[in-house]
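Number of protein chains: 2
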Amino acid sequence: MTAPRSSGPALAVVGATGAVGSVLLQILSQRADVWGDIRLIASPRSAGRVLAVRGEETEVIALTEDAFDGFGKGDIVLFLTPAEVSARWAPVVTARGAVVVDQSAAFREDPEVPLVVPEVNGHAVRIRPRGIVAGPDCVTAAMIATLGALHAEYGLADLAVSSYQAASAAGRAGSEALRRQLSLVAGSTLGEQTGDVRRAVGEDTGPFAAPLALNVVPWSGELREGGWSSHELAVRAETRRILGLESLPIAVTCVQVPVVTGHSLTVRARFEREVDAGHAREILEAAPGVVLVDDPEAGEFPTPADAAGTDPAWVGRVRGSLDDSRSLEFFVCADNLRKGAALNATQISELIAGEFA
Amino acid sequence: MTAPRSSGPALAVVGATGAVGSVLLQILSQRADVWGDIRLIASPRSAGRVLAVRGEETEVIALTEDAFDGFGKGDIVLFLTPAEVSARWAPVVTARGAVVVDQSAAFREDPEVPLVVPEVNGHAVRIRPRGIVAGPDCVTAAMIATLGALHAEYGLADLAVSSYQAASAAGRAGSEALRRQLSLVAGSTLGEQTGDVRRAVGEDTGPFAAPLALNVVPWSGELREGGWSSHELAVRAETRRILGLESLPIAVTCVQVPVVTGHSLTVRARFEREVDAGHAREILEAAPGVVLVDDPEAGEFPTPADAAGTDPAWVGRVRGSLDDSRSLEFFVCADNLRKGAALNATQISELIAGEFA
Ligand SMILES: NC(=O)c1ccc[n+]([C@@H]2O[C@H](COP(=O)([O-])OP(=O)(O)OC[C@H]3O[C@@H](n4cnc5c(N)ncnc54)[C@H](OP(=O)(O)O)[C@@H]3O)[C@@H](O)[C@H]2O)c1
Ligand SMILES: NC(=O)c1ccc[n+]([C@@H]2O[C@H](COP(=O)([O-])OP(=O)(O)OC[C@H]3O[C@@H](n4cnc5c(N)ncnc54)[C@H](OP(=O)(O)O)[C@@H]3O)[C@@H](O)[C@H]2O)c1
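So the protein sequences, as listed, match chains D and G. Residue numbering for the first sequence follows this note's numbering, starting at 6 and increasing by one per position. Residue numbering for the second sequence follows this note's numbering, starting at 6 and increasing by one per position.
One should not assume that every hint holds.
Every beta carbon over 10 angstroms from chain D, so not counted as near; a handful from chain G, in silico [stated by the list, open to error]:
1. Glu-61
2. Glu-64
3. Ala-165
4. Ala-291
Where chain D lies over chain G, by a calculated footprint (3+ residues, C-beta under 8 angstroms) [said to hold, decoys possible]:
5. 295-303
6. 319-331
Calculated from the structure, these hints are not laboratory results. From the three backbone atoms N, C-alpha and C, an ideal C-beta is built for every residue, glycine too.
Here chain D stands alone, though its shape is the one from the complex (with noise of 0.2 angstroms):
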């Protein structure tokens, strides 16, 4: 960089201009700021923009070579792009002696590059052999630090969870399409008839594999052996190894709904203790990153509606089995460009800033 540097680490963000990144501008502006200089970088289509960031506008640049002059030891690249991107560029910026926190699922399954969410394994962001950390999958973001808090208490032996994922997580696509299907569908006479909702959409169905407006599409991903979605496979394998258990049995169904931010989950978990529901509640209530909302007769229960725009997970719904008293039941929603993204690598740089601080 050849402008002096304010105090504190510099941060680039690549991907400044997609759903995360548009949030993460957002994070950046409420958080305590604790950056020199902040660089954003985008694609060569987005090169010149102009965003705000801690009130001061900010050009764009386009990912270059160049665009990481300056960086060294002790700065921090966000990449908030796809997975392609990021691996193609990690290793540019790692080069420079800059860590890299990457949202994509490049790196997630890759041993020597640890997969944090602060609440849960904060721990892990030290050790980081090639100069990467990974944050999870919104999905997984979304429950992980529940999970994290019963586990401590109970020991977490088996999971079930169906997933009710927003049309975000597919980016500023997914929800562009869900707000043209819906238009679609509101202007159209639609009845309750087979195909209304197919013949309304048409055949651009976006990033989903079958229209989304009033609809429900158990699908994401790509297709792995016993009919699993390559989806379903990193959740499992993410919330393993976050929670350090990497035989536990665990089932997930991932369904995309009509909602544009905020993903919820239903969660059975069976564990090696006796659990109580209240002492469970007290647990979540206590949970670092989670907030209990559960009094469902007051209308107090989590939605994603309520969750979007906010940092916690929120849970409630919370219920011993009928038949098992080692098992619970609950419900969770956060917002996946949060919680699932902006917030988590938020969280990640800052933890990694402070060890230089």
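Following the hints, complete the assembly by docking chain G with the ligands onto the known chain D.
Showing chain G with the ligands alone in chain D's frame:
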């Protein structure tokens, strides 16, 4: 009845103007016509309306004692009404010797009233000490044929179900509330921040406990011990009853999604015997009332938009557990107004009509 009766038992449809009633009239027009006179009944609000059934314009009459004039042994009265209405009027009908088929919750827990899904326990229709037969809740109805078929082969040992319920399960008021909310959120400059959906929708959430447009609502029914909802306990009790497995462990989480018609469920089923997903697919393919669509990469998986307006339960995403050779996961969709109500009631009525043929 004063007019000469045509051949076949007379049929009265109480609640002919409702969400289920309207679909029932379509179904009567589509299936083999085994009925003599068909009488349409609703509240006094609807008296005088003219509806088409079997191609004939038929006037709706108000529910009074006189509405059942001429009905007796061998005739059938369908109640597609709120539970209080069914509870109040079913005895009036049975006192005349006609059989009641009730689609509400009024009699589902009565041991003297068989709870019937013809594909699974059609035989039960014949033993009806009170002259009343009940159909199940629409969540139970969506999955019970798949469970029945798999249970016959493998022996069910444990069930965890999460629902993705459509708005029309709450009747006309439900689908109208969702449509109203969708036009409100479509007209607002909706961001992705907390409260946006709540602000756009306002206080009038219709029959739902929170706004349903662009949201997911994990609550329906009343609060029961342990934080369970009455709806969840009903699905559990009905599933056990229909399968004849009075102590089957079942966990259910009922969640409403912004879909007009078509319930979806994720099901995790553990069996007494080892399961093979390929063989399970064959069983489901052969099961009555079930259609298998399971080639996700080719876009073949069930969605509620595709199930709406059709008779069967559509099942897909059939996967063997990765951890337990006795467990299966799958995803099932069915039209809550058809298999979940009107179709099932029609099938029951046809079985009873057959007894007198
Ligand atoms: N959305 C979520 O809920 C979520 C949650 C967890 C993880 N993630 C992951 O986070 C990453 C970003 O997701 P998103 O939802 O923000 O996606 P998005 O809305 O599509 O944004 C993608 C960003 O990457 C940039 N980009 C794309 N191709 C590029 C290239 N060749 N060179 C430089 N920049 C490029 C885009 O810049 P332009 O604007 O210039 O095209 C944009 O800033 C993805 O890996 C995603 O899987 C997302
Ligand atoms: N919707 C589903 O997916 C579903 C599935 C399974 C079971 N069920 C059950 O089926 C029943 C009907 O549901 P729905 O969804 O069709 O409800 P709906 O759309 O609200 O229709 C209710 C029907 O009942 C009639 N009704 C209401 N109060 C009455 C009264 N005092 N006297 C006579 N008729 C009266 C209404 O007549 P007016 O039009 O004159 O008011 C209307 O025809 C309910 O018990 C429901 O729980 C529904």
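Next item on the list: Against chain D, does G/Glu-64 hold up as non-interface, every C-beta pair farther apart than 10 angstroms?
Entry: holds, 24 angstroms
- Query: Looking at G/Glu-61 again, its CB stays over 10 angstroms from all of chain D?
  - Reply: holds, 22 angstroms
- prompt: Once the closest CB in chain D is found, is it more than 10 angstroms from G/Ala-165?
  reply: violated, 5 angstroms
Using C-beta distances, would you say chain D covers the stretch 319-331 of chain G, given that this needs three or more residues below 8 angstroms? Since three or more residues must qualify, the claim that chain D covers the stretch 319-331 of chain G holds, with 9 doing so at under 8 angstroms.
**Message:** Cut-off 8 angstroms, C-beta pairs, minimum 3 residues; does the coverage of the stretch 295-303 of chain G by chain D stand?
**Reply:** holds (count 3)
Worksheet item: Can we confirm that no CB of chain D comes within 10 angstroms of the CB of G/Ala-291?
Response: Nearest chain D Cβ is 19 angstroms from G/Ala-291, so the label holds.
In summary, the one numbered hint that this structure violates is 3.
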